[in-house]
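Novice: Protein chains in written order, with numbering that gives the first Met the number 0: chain A, 0 to 147; chain B, 0 to 312.
Quick caveat, the hints were computed from the structure, so don't treat them as lab data. Small disclaimer: the values here were computed from a predicted structure and weren't measured. Where hints are given, some of them may not hold.
[What the hints assert, rightly or not] Derived PhoX-like pairs: lysine-lysine, alpha-carbon spacing no greater than 25 Å straight-line:
hint	chain 1	residue 1	chain 2	residue 2
1	B	Lys32	A	Lys8
2	B	Lys230	A	Lys8
3	B	Lys32	B	Lys230
4	B	Lys233	A	Lys8
5	A	Lys63	A	Lys107
6	A	Lys8	A	Lys121
7	A	Lys131	A	Lys121
8	B	Lys230	B	Lys68
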Amino acid sequence: MSLTTFSLKRSIWVYHLSAGSCNNCDIEILDCLTPRFDLERFGICLVGSVRHADVILATGIVTKKCLPRVKRVYEQMPEPKLVVAVGGCACSGGIFRTGYNMAGPFDKIIPVNAYVPGCPPKPEAIIDGVVKLIQSLDGKLPKKKVRG
Amino acid sequence: MSDVLWALVSFIVFPGFLFTAVVGLFAGWIDRKITARLQWRVGPPWYQNFIDFFKLMGKETIIPAGARKMTFLSAPLIGLIGVTLVSLILWEMNLYPASSFLGDIIVVLYLSILPSLAIILGGSASRNPLASLGASREMKLILAYELPFIVAVFTPVAIIKDIKIGSIVSYQIKNGMMFTHHLSSIIALVVAFFCIQAKLGFVPFDIPEAEQEIMAGPLIEYSGPPLAIFKLTKAMMLFTLPVFLITVFAGGMRFDSGIQALFSIIKYLVILLLIIIVKNTNARLRIDQALRFFWLRMFPLAVVGFILALFGI
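Based on the sequences and whatever the hints tell you, model everything.
Specialist: If you want it as structure tokens, here you go:
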């Protein structure tokens, strides 16, 4: 295991991307970062800019209005990048899958590495999803490069 | 030849880059751990900041479209060189006070602005509205804290009437710590402490990097190694600036006997703890409030201290 993978597994900075969710999954994500669950023990912290992030926590169906922004945010992220779809809507569209403004779910638009179903998923479920994602990381990272 | 080699070794390894970086990242962990304990959490393991640094070094570097490439990439290095030189000079003066040169305290003051200037340069070069907002706030913050800081640091100079760090250190070795013997130095220490809080960009003066309003401010477009270097610079500042305070006001970092070495480390830890507690018990000020705090509260206080020092009190 290279130093990059080793340190990535212990220091995951997440960026929270809400693409038309009902806010319930967003609240559960914030719950993960409260003292009760304390994700900073594992080196996980929330960052404000996608340029600093390693993982996108994506919530919500992707609405048609959000579609270009989601693509753009994903492209702005530095390699190696991972995406976790949080909640039923982000995984499959949930009850909105036949809606008129549904452009998702997420895996139709950007590559998704892990799914956390639930409406909303409990913080324990989100932590479980991220841990399984970390365990699946070994030796699968793309090479780093400079992008102008 | 051996002089050059020795200078390189001291720049890169011992009092310079490597030593400061390792201790600084460790001090950064102390900050995160105590913050976590104050917030009733467990907190990260001791190697967390090193891991963060290595992770960022392994990530991709993105230069945003329309950014000035050279300035964008060289700004973090300018800050890193500045803080390394400050640390190098301070430790040389502490370990060998005789090697001090005339006016080195001014050199240290100038070099310690470099990291803030690097943040302004990098933020302005990255072509992002939030980054330029952060850069302009950083500029105003420098204008605010630099004046009281300089007056406060010059108070011991006024007491001993000699403008060398080495003389300040050897005066304190002879006559005891500055701030226990002079009222003016206590005032100056308080002022300089708040200025250092602002220099480090900690709450209540984290206005340029306000994470909740302008994301990461000037650092918003940085990714990968340049971001890692900015984080490293910040960690090194967390080690260097308290050492500067100790050197000027509290007897210097002495390692000539075991008890003195222990005492030096305890002095550093106490200042670090105070910085962390102030950081965790305050809310962020607005930029105009910070300016008013430094110019209307801290600056008159520093001037009073300086005038007292002129009379040798």
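Novice: So, against the hints stated earlier in the document, which numbers end up violated here?
Specialist: No numbers; nothing is violated.
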